[in-house]
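Peer 1: Sequence:
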Amino acid sequence: MRRREQREHIFKLLFMTEFNSEEEMNEQLSLYFDSLEELAEKDQEYMREKYKHVLEHLDEIDALLNETSKGWKTKRMSRVDLTALRLAVYELKFDKNVPTGVAINEAVELAKNFGGDTSGSFVNGILGKIAKDEDTKVEDTKVESEEKTE
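Be aware that the sequence shown starts at 1, since it is given in the UniProt record's numbering, and climbs by one per residue.
One or more hints might be untrue.
[Unchecked claim] Dumping the calculated SDA-like pairs for lysine to any residue here, alpha-carbon to alpha-carbon at most 25 Å:
| hint | residue 1 | residue 2 |
| --- | --- | --- |
| 1 | Lys112 | Lys132 |
| 2 | Lys112 | Asp95 |
| 3 | Lys96 | Gln6 |
| 4 | Lys42 | Leu31 |
| 5 | Lys75 | Leu58 |
| 6 | Lys12 | Arg48 |
| 7 | Lys52 | Ser21 |
| 8 | Lys73 | Thr17 |
| 9 | Lys52 | Glu5 |
| 10 | Lys129 | Pro99 |
| 11 | Lys70 | Arg48 |
| 12 | Lys96 | Asp43 |
| 13 | Lys93 | Asn113 |
| 14 | Lys75 | Met16 |
| 15 | Lys96 | Met1 |
| 16 | Lys75 | Met1 |
[As the list claims (entries may be wrong)] Across the chosen pairs, the derived CB separations fall in these ranges:
| hint | residue 1 | residue 2 | range |
| --- | --- | --- | --- |
| 17 | Arg3 | Lys132 | 32 to 38 Å |
| 18 | Asp34 | Lys70 | 40 to 46 Å |
| 19 | Glu37 | Asn66 | 22 to 28 Å |
| 20 | Arg48 | Gly71 | 31 to 37 Å |
| 21 | Asn26 | Asp59 | 16 to 22 Å |
| 22 | Ser21 | Asp95 | 39 to 45 Å |
| 23 | Leu39 | Thr118 | 17 to 23 Å |
| 24 | Lys70 | Lys12 | 24 to 30 Å |
| 25 | Gly101 | Glu23 | 34 to 40 Å |
| 26 | Arg4 | Ser35 | 16 to 22 Å |
| 27 | Thr118 | Asp59 | 24 to 30 Å |
If you are wondering where the hints come from, they were derived from the structure by calculation, not from laboratory data.
Quick reminder that beta carbons are idealized off the backbone N, C-alpha and C, glycines included.
Could you build all of it, start to finish, from the sequences and the hints given here?
Peer 2: Here is the structure:
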C-alpha cells in the first residue's frame with residue numbers, strides 16, 4: 001500500500017475519533033481494518049502506530065493550531081479540516097520521515113477531497129504559516145549556535 005493510501009486511512013481513523021468514545025474506538029479500529037481487503041500486516045501496523053502517535057500529541061497539536069489560526073479555534077473548525085490539519089501538523093512536527101511539502105500537499109488534498117469548497121485553501125494557509133514559523137525557529141537556532149561558536 002502506498003503512503004498516500006495509508007495517510008487517507010489514518011485520516012479516516014482520526015476523523016472517526018470525533019464521533020466515538022475512546023472505548024468504542026478499539027472496536028471501531030478492528031472493524032475498520034477488517035473491512036479493508038487484502039490489508040498487509042505491516043500496513044495495518046504502520047497505520048495503527050501513526051494513528052496512536054497523532055492522538056498522543058493531540059493536545060500539543062491543537063495548541064499550535066489554536067495559536068496559529070487567528071479567529072478559527074479548533075472548536076470552530078470543520079471536523080474534516082481539523083482532522084487534515086492534525087495529521088499534517090503531526091507529520092510536520094514529529095515525523096521526520098515526511099518532508100514539509102509532502103505533509104502540506106497531502107493535507108490539502110485530503111481537505112479538498114473530503115471537505116468543503118474552501119477547505120483546501122484554509123488548510124493550506126494554516127499549514128503554510130506553521131511551516132514558515134518552524135523554518136524561522138530553525139534559522140534562529142542556527143544563528144544563535146553560530147554566534148556562540150564565534
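Peer 1: Hint by hint, say whether it matches the structure.
Peer 2: So, going through the hints one by one against the coordinates:
no.	hint	result
1	Lys112 - Lys132	22 Å, holds
2	Lys112 - Asp95	23 Å, holds
3	Lys96 - Gln6	17 Å, holds
4	Lys42 - Leu31	17 Å, holds
5	Lys75 - Leu58	13 Å, holds
6	Lys12 - Arg48	12 Å, holds
7	Lys52 - Ser21	14 Å, holds
8	Lys73 - Thr17	19 Å, holds
9	Lys52 - Glu5	17 Å, holds
10	Lys129 - Pro99	16 Å, holds
11	Lys70 - Arg48	32 Å, violated
12	Lys96 - Asp43	19 Å, holds
13	Lys93 - Asn113	24 Å, holds
14	Lys75 - Met16	16 Å, holds
15	Lys96 - Met1	20 Å, holds
16	Lys75 - Met1	33 Å, violated
17	Arg3 - Lys132: 32 to 38 Å	24 Å, violated
18	Asp34 - Lys70: 40 to 46 Å	42 Å, holds
19	Glu37 - Asn66: 22 to 28 Å	39 Å, violated
20	Arg48 - Gly71: 31 to 37 Å	35 Å, holds
21	Asn26 - Asp59: 16 to 22 Å	21 Å, holds
22	Ser21 - Asp95: 39 to 45 Å	27 Å, violated
23	Leu39 - Thr118: 17 to 23 Å	34 Å, violated
24	Lys70 - Lys12: 24 to 30 Å	29 Å, holds
25	Gly101 - Glu23: 34 to 40 Å	38 Å, holds
26	Arg4 - Ser35: 16 to 22 Å	19 Å, holds
27	Thr118 - Asp59: 24 to 30 Å	27 Å, holds
Going down the numbered hints, you'll see the structure goes against 11, 16, 17, 19, 22 and 23, while the others check out.
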